[in-house]
Amino acid sequence: MRGKTFIAHDELPEVLERLSKAMDVWIPTAINDEKYEIQFLPYQSDRLPVLDRQSTMPPKKVIFPQVETLLHFSRKKDENNPFKSHIKLEDEEEVSPVLVFGARPCDVRGFLVFDEVYLNGPYKDPYYAKRRKKTLFATLVCETSDNACFCSAVGSGPADQTGSDLWIIPVDGGYVIEALTERGENLMPEMGKDATEAQVAEARDVQEKVAGLRVGEADLTQNSDAFEDRFSDNEYWRDMAFKCISCGICTYVCPTCYCFNITDEAKDLDGERIRSWDSCMFNHFTREASGHNPRPSKLERYRNRIGHKFSYFPKKYKGMIACCGCGRCIRRCPVALDIRNVVLSLKKNKENVDVCK
Amino acid sequence: MPMDEKTKTLQEDFEKNFADLELVIGWETGFDRLHATPVFIRQPSELGKLVWNPLCSQNLSGYLAKNLDASIQEDGKKIGICVKGCDSRSLVALIQENFIDRKRLYIVGIPCEGTVDLRRLMRLNPSLKNVRKVDIEGNKAVVETDQETLRFPIEDVLARKCLRCLYPNPVIYDTIIGTPVKPRISEDKAYTAVEKLDSSDRKQRLAFWKTEFDRCIRCYACRNACPLCVCQDNCIAESRKPKWLTQRDGIREKFLFHMIHGLHLAGRCTECGECERVCPVEIPTMLIKEKMNQIVKDMLDYEAGIDPEAKPPLLTFDPGETGI
Ligand code: SF4
Ligand code: SF4
Ligand code: SF4
Ligand code: SF4
Ligand code: SF4
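Chains as they are written, first to last, in the numbering used here: chain S, 1 to 357; chain X, 1 to 324.
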């Protein structure tokens with residue numbers, strides 16, 4: 001294996017420029033100088049990565065676009081029989097190789113949750129699979145957690161390398177890059193010049209320091225049964241969800257929320273079948289054709305969000321929590337609803353539950 | 001009055017009146033001291049949770065129309081609610097539209113020196129940590145952390161809506177906490193942001209909105225946080241029957257949604273800024289409603305949410321109307 005490399009701050013644009021000739025490079029970046037929120041966008045020469053804070057939107061859409069065309073259809077009337085028409089379907093769409101540069105460990109872990117459902121189960125999702133296969137992650141060891149982060153509480157952590165292909169470690173004057181997989185290794189020739197011994201040593205120190213951090217105090221991995229016990233405690237769920245305004249933020253900013261909707265969008269004889277992000281916090285998420293809705297209020301909807309992530313999912317998928325602890329849903333929630341408090345309170349007696357947080 | 005004192009007065013006032021109340025809606029400290037969160041108090045012993053500070057940005061009046069039955073009087077008990085100037089205007093609008101019954105409310109009004117826009121604050125200070133307290137002293141926002149005390153000019157950190165606010169003092173209340181404050185601008189400056197945008201040509205304006213809306217993720221937080229967006233689960237944005245919008249993520253769908261949102265708020269929007277604050281991708285959605293309100297003001301000489309007895313222009317029809 002080739003050794004570690006070093007990219008100086010002012011060489012980064014050059015490196016990204018070169019890489020973007022061979023593949024689509026996505027970076028976390030601000031819309032413009034006046035905006036604070038960070039999104040993953042395709043690299044362009046006038047766009048620089050912003051690595052000093054977590055992105056608002058995770059790189060979820062790189063592999064799981066908010067809207068994806070599953071197939072195109074067009075109908076043609078039969079010339080001889082006006083009651084008949086012929087349908088033509090097209091579904092081939094090529095995808096290019098992608099590098100996500102500057103993701104965080106929690107961002108990558110989001111896809112490990114996706115993988116269980118879309119790749120490793122009995123049904124393989126071809127749309128997800130083709131993008132997933134072609135996407136590489138160059139991930140930043142994470143030194144900038146805030147009070148909403150809790151990756152260590154769900155079985156990961158700020159130095160978790162699982163799922164990444166390249167590892168980015170900030171050091172004095174730039175970044176030390178290390179390959180973690182063979183595919184990552186193949187990109188190393190593009191990743192700057194050989195790192196000096198001092199840089200390698202500094203990188204090791206940073207890595208060790210971050211690996212020693214615990215982000216999020218509690219352990220949120222063992223709540224499956226507590227959730228089931230609480231399931232019909234309506235008062236608990238009413239109080240917990242009372243301030244929720246039923247928007248889509250927590251699910252849309254979540255790297256692990258994978259629910260979608262499928263609709264046919266047609267005009268006249270032509271159209272597309274698309275799949276688009278859905279949100280279990282929306283009223284119509286479980287509305288049935290009859291008009292009946294088994295989750296008629298935010299009480300049931302919020303309960304589902306918690307149950308899915310902290311009980312149903314780990315029960316089905318080897319104990320894995322369907323939450324990477326990125327804290328986005330807490331940070332961006334218009335009413336600062338704290339999912340940690342809801343999960344932690346599952347095990348508490350009624351008297352000790354702090355419903356107001 | 002300093003913030004801590006206002007918080008104390010607030011708590012004491014509710015304590016005094018709790019016998020007449022079934023619920024108090026206010027703010028408490030959220031997951032850290034830089035975030036406030038709504039709190040719903042049913043036991044007097046919990047009143048100590050209530051806080052008032054420049055982080056109390058959520059407009060709580062929406063809960064009355066959307067989550068609570070605030071129109072029926074049971075046992076003569078009332079709902080206590082804390083409002084800033086802008087929030088109180090939303091209350092007035094909801095009362096005008098019969099969503100809530102004034103008699104059902106015990107309103108505690110708080111003269112407001114403005115709320116902090118966390119994005120603006122964090123942009124100046126991406127590594128801001130361990131915040132203990134945020135307060136406003138004259139023209140400075142004072143941020144105390146465990147390590148230091150930072151001072152920022154308010155123009156740099158207050159929410160945009162607060163810098164152009166004409167009604168920082170609640171327009172409707174039963175009790176007022178502290179003394180009235182002066183608006184930071186004069187009336188003729190209220191629409192400068194809209195005017196600035198209007199001064200660019202049509203193409204530039206279209207380009208501006210295209211860039212902004214392109215980011216919209218259709219999470220509908222702007223709609224759900226709006227106290228006056230009351231259609232909620234029956235919004236044209238999601239309805240498939242009738243089908244106005246597709247599920248596609250193109251600019252056309254987003255544009256239409258925002259235009260409808262704007263149109264439905266014309267002369268109703270109380271400029272509380274919630275739609276803009278909650279947007280996770282920082283789209284200045286309130287600008288559209290400001291424009292609508294500017295037109296309503298110019299043509300009909302009406303401002304939303306000031307007088308509970310007034311009829312909002314789009315809720316009435318006068319066959320003799322002139323000037324339209
Ligand atoms: S972001 Fe907050 S308010 Fe919106 S649906 Fe999620 S929990 Fe509810
Ligand atoms: S539930 Fe919240 S903290 Fe967990 S992965 Fe989703 S956004 Fe992040
Ligand atoms: S808009 Fe006015 S009343 Fe509302 S928070 Fe800002 S300054 Fe206060
Ligand atoms: S449109 Fe925006 S500013 Fe106007 S009332 Fe609704 S949330 Fe407040
Ligand atoms: S809150 Fe922002 S992203 Fe969400 S629908 Fe409104 S404008 Fe779009």
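These are calculated hints, taken from the structure and not from any lab test. Yeah, the Cβ is synthetic: ideal placement off N, Cα and C, and Gly gets one too. There may be inaccurate statements among the hints.
Claimed, not checked - No farther apart than 25 Å at their CA atoms in a straight line, the calculated lysine-lysine pairs in the BS3-like style are these: (1) X:Lys-203 - S:Lys-267; (2) S:Lys-347 - X:Lys-49; (3) S:Lys-209 - X:Lys-129; (4) S:Lys-35 - X:Lys-77; (5) X:Lys-241 - S:Lys-35; (6) S:Lys-350 - X:Lys-49; (7) X:Lys-49 - S:Lys-348; (8) S:Lys-267 - X:Lys-210; (9) S:Lys-35 - X:Lys-6; (10) X:Lys-210 - X:Lys-140; (11) S:Lys-35 - X:Lys-16; (12) X:Lys-210 - S:Lys-61; (13) S:Lys-35 - X:Lys-189; (14) S:Lys-267 - S:Lys-315; (15) S:Lys-21 - S:Lys-133; (16) S:Lys-88 - S:Lys-61; (17) S:Lys-267 - X:Lys-243; (18) X:Lys-196 - S:Lys-35; (19) S:Lys-61 - S:Lys-21; (20) S:Lys-35 - X:Lys-311; (21) S:Lys-76 - X:Lys-243; (22) X:Lys-140 - X:Lys-103.
As the list claims (entries may be wrong) - Stretch-level coverage of chain X by chain S, calculated; a stretch enters the list once three of its residues show a Cβ under 8 Å from a Cβ in chain S: (23) 199–205; (24) 297–311.
For each hint, the structure was consulted:
no.: 1; hint: X:Lys-203 - S:Lys-267; result: violated (28 Å)
no.: 2; hint: S:Lys-347 - X:Lys-49; result: holds (23 Å)
no.: 3; hint: S:Lys-209 - X:Lys-129; result: holds (19 Å)
no.: 4; hint: S:Lys-35 - X:Lys-77; result: violated (45 Å)
no.: 5; hint: X:Lys-241 - S:Lys-35; result: violated (37 Å)
no.: 6; hint: S:Lys-350 - X:Lys-49; result: holds (19 Å)
no.: 7; hint: X:Lys-49 - S:Lys-348; result: holds (20 Å)
no.: 8; hint: S:Lys-267 - X:Lys-210; result: holds (23 Å)
no.: 9; hint: S:Lys-35 - X:Lys-6; result: violated (33 Å)
no.: 10; hint: X:Lys-210 - X:Lys-140; result: violated (35 Å)
no.: 11; hint: S:Lys-35 - X:Lys-16; result: violated (45 Å)
no.: 12; hint: X:Lys-210 - S:Lys-61; result: holds (20 Å)
no.: 13; hint: S:Lys-35 - X:Lys-189; result: holds (24 Å)
no.: 14; hint: S:Lys-267 - S:Lys-315; result: violated (43 Å)
no.: 15; hint: S:Lys-21 - S:Lys-133; result: holds (19 Å)
no.: 16; hint: S:Lys-88 - S:Lys-61; result: violated (28 Å)
no.: 17; hint: S:Lys-267 - X:Lys-243; result: holds (12 Å)
no.: 18; hint: X:Lys-196 - S:Lys-35; result: holds (18 Å)
no.: 19; hint: S:Lys-61 - S:Lys-21; result: holds (21 Å)
no.: 20; hint: S:Lys-35 - X:Lys-311; result: violated (39 Å)
no.: 21; hint: S:Lys-76 - X:Lys-243; result: holds (24 Å)
no.: 22; hint: X:Lys-140 - X:Lys-103; result: violated (38 Å)
no.: 23; hint: 199–205; result: violated (count 0)
no.: 24; hint: 297–311; result: violated (count 0)
In summary, the structure is inconsistent with hints 1, 4, 5, 9, 10, 11, 14, 16, 20, 22, 23, 24 from the numbered list given earlier, while agreeing with the others.
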